[in-house]
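Going by the working numbering, the first residue of the sequence shown is number 1, and it counts up by one from there.
Derived from the structure by calculation, the hints contain no laboratory data.
The hints are all genuine.
Using 20 Å as the maximum straight-line C-alpha spacing, the simulated PhoX-like pairs for lysine-lysine come out as follows:
(1) K284 x K314
(2) K337 x K217
(3) K198 x K402
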Amino acid sequence: MQKFTSLAFFRKYTLLLFGSLLLLNACKTDNNPVPPVEENQYLEESNVITELSKDKIIQQVSSLAPFVSGYVKNDVKVYKLTYKTKNTDGVEITASGALILPVTDQPVSMISVQHGTIRDDSSAPSNFSDNSEAASFGSLFGSMGYIIAYPDYIGYGASKDLPHPYEHRASLASASLDMLRAAKEFLRDQSGVKWDNKLYVAGYSEGGYATMSLQKKIEEEASSEFDLRASSCGAGAYDKTAFMEYVINSPTHGISSYNTLYLWVMLTYDRIYKLNRPASYYFKEPYTSRIATSGANVTINQSFNTILNDSFKKDLNDGTDKGFIDAIGDNDVYNWKPKTPTRLYHGDNDKLVFYFNSENAYKAMKAAGATNVELIPIAGGDHSSSLPLYLLGTREFFQATK
Numbered sequence: 001m002q003k004f005t006s007l008a009f010f011r012k013y014t015l016l017l018f019g020s021l022l023l024l025n026a027c028k029t030d031n032n033p034v035p036p037v038e039e040n041q042y043l044e045e046s047n048v049i050t051e052l053s054k055d056k057i058i059q060q061v062s063s064l065a066p067f068v069s070g071y072v073k074n075d076v077k078v079y080k081l082t083y084k085t086k087n088t089d090g091v092e093i094t095a096s097g098a099l100i101l102p103v104t105d106q107p108v109s110m111i112s113v114q115h116g117t118i119r120d121d122s123s124a125p126s127n128f129s130d131n132s133e134a135a136s137f138g139s140l141f142g143s144m145g146y147i148i149a150y151p152d153y154i155g156y157g158a159s160k161d162l163p164h165p166y167e168h169r170a171s172l173a174s175a176s177l178d179m180l181r182a183a184k185e186f187l188r189d190q191s192g193v194k195w196d197n198k199l200y201v202a203g204y205s206e207g208g209y210a211t212m213s214l215q216k217k218i219e220e221e222a223s224s225e226f227d228l229r230a231s232s233c234g235a236g237a238y239d240k241t242a243f244m245e246y247v248i249n250s251p252t253h254g255i256s257s258y259n260t261l262y263l264w265v266m267l268t269y270d271r272i273y274k275l276n277r278p279a280s281y282y283f284k285e286p287y288t289s290r291i292a293t294s295g296a297n298v299t300i301n302q303s304f305n306t307i308l309n310d311s312f313k314k315d316l317n318d319g320t321d322k323g324f325i326d327a328i329g330d331n332d333v334y335n336w337k338p339k340t341p342t343r344l345y346h347g348d349n350d351k352l353v354f355y356f357n358s359e360n361a362y363k364a365m366k367a368a369g370a371t372n373v374e375l376i377p378i379a380g381g382d383h384s385s386s387l388p389l390y391l392l393g394t395r396e397f398f399q400a401t402k
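Let the hints inform the model, and build the full structure from the sequences given.
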């Protein structure tokens, strides 16, 4: 009898002990929960595009300027990211961009680089074709020890079937910001490179305009998401209202490739803001028929103002055409007060994007109370020749604000 009593006691004690251990373990689990896996809100896919050695990068950039090869320090690994963003009509779409990672075990900062004007998808950063801006400048800055986020913008890469919203402030800013958000999600889930959470933004030409637009959006809407340290904007058309008034009323260079871009801006705004005017409203013959058929792919070898209807110019100058005037004004990005240290680089002999764009932005920002904005004129520089000095100045500026 004693034997069975002892066995029953042992079984009871064992069950109580086991239950206690389970309870203790449950309490321990509750006090130290396993971190939940964060779901991506923006990033859809990431794929390796290529890997470039330090020697390969030196070979590529030496054609730009031989002395820059001395800045090359690291191999790089290049990814294509696809991510969610919204089109100009608010519909969610998939966009893309390149993310360039330096091969290093040291913590590094990120630069969001907004590319200049391109006319074909092969030049998009995520295609990373030879001699493209991303393959040259992106690889160079990546090899210096920066993570480079390079958005394609809407209309290129994964969204190539959509029209590019050329020089449209809001969509350039949102597509670039959402690329940064996707890059942040990608970096969170990898161990190849450590981001120190510092962010810089830079771009030239359309990229300068996109950079200013992105900077403004980050400061006003996403300052808690990113530690934005500095912004370097080169030769952007920030004062769209003054720019349009100038090309409509003043004799200009008559350079066909430049006129194509002015035309592209007009047609983009007509489409996005649903003005839906016939070509005959804006332009004289024979350009009316050509533009109606070919859009911006028209050769214009004369001052741009000479192809415009006098009635259209009059409606703009006297304020009658409120729709077009409001569309232009909605894309101004010069008259605000930046908080981030900002540099405006611009050649003072730029015949494509006139110097007054940066000068007007600088004056407006200073008048608004900005204390950390600099205007860096490039004496005698035109749109192309000013680029190397912009790149060197940007490197020095970002190094100084680390």
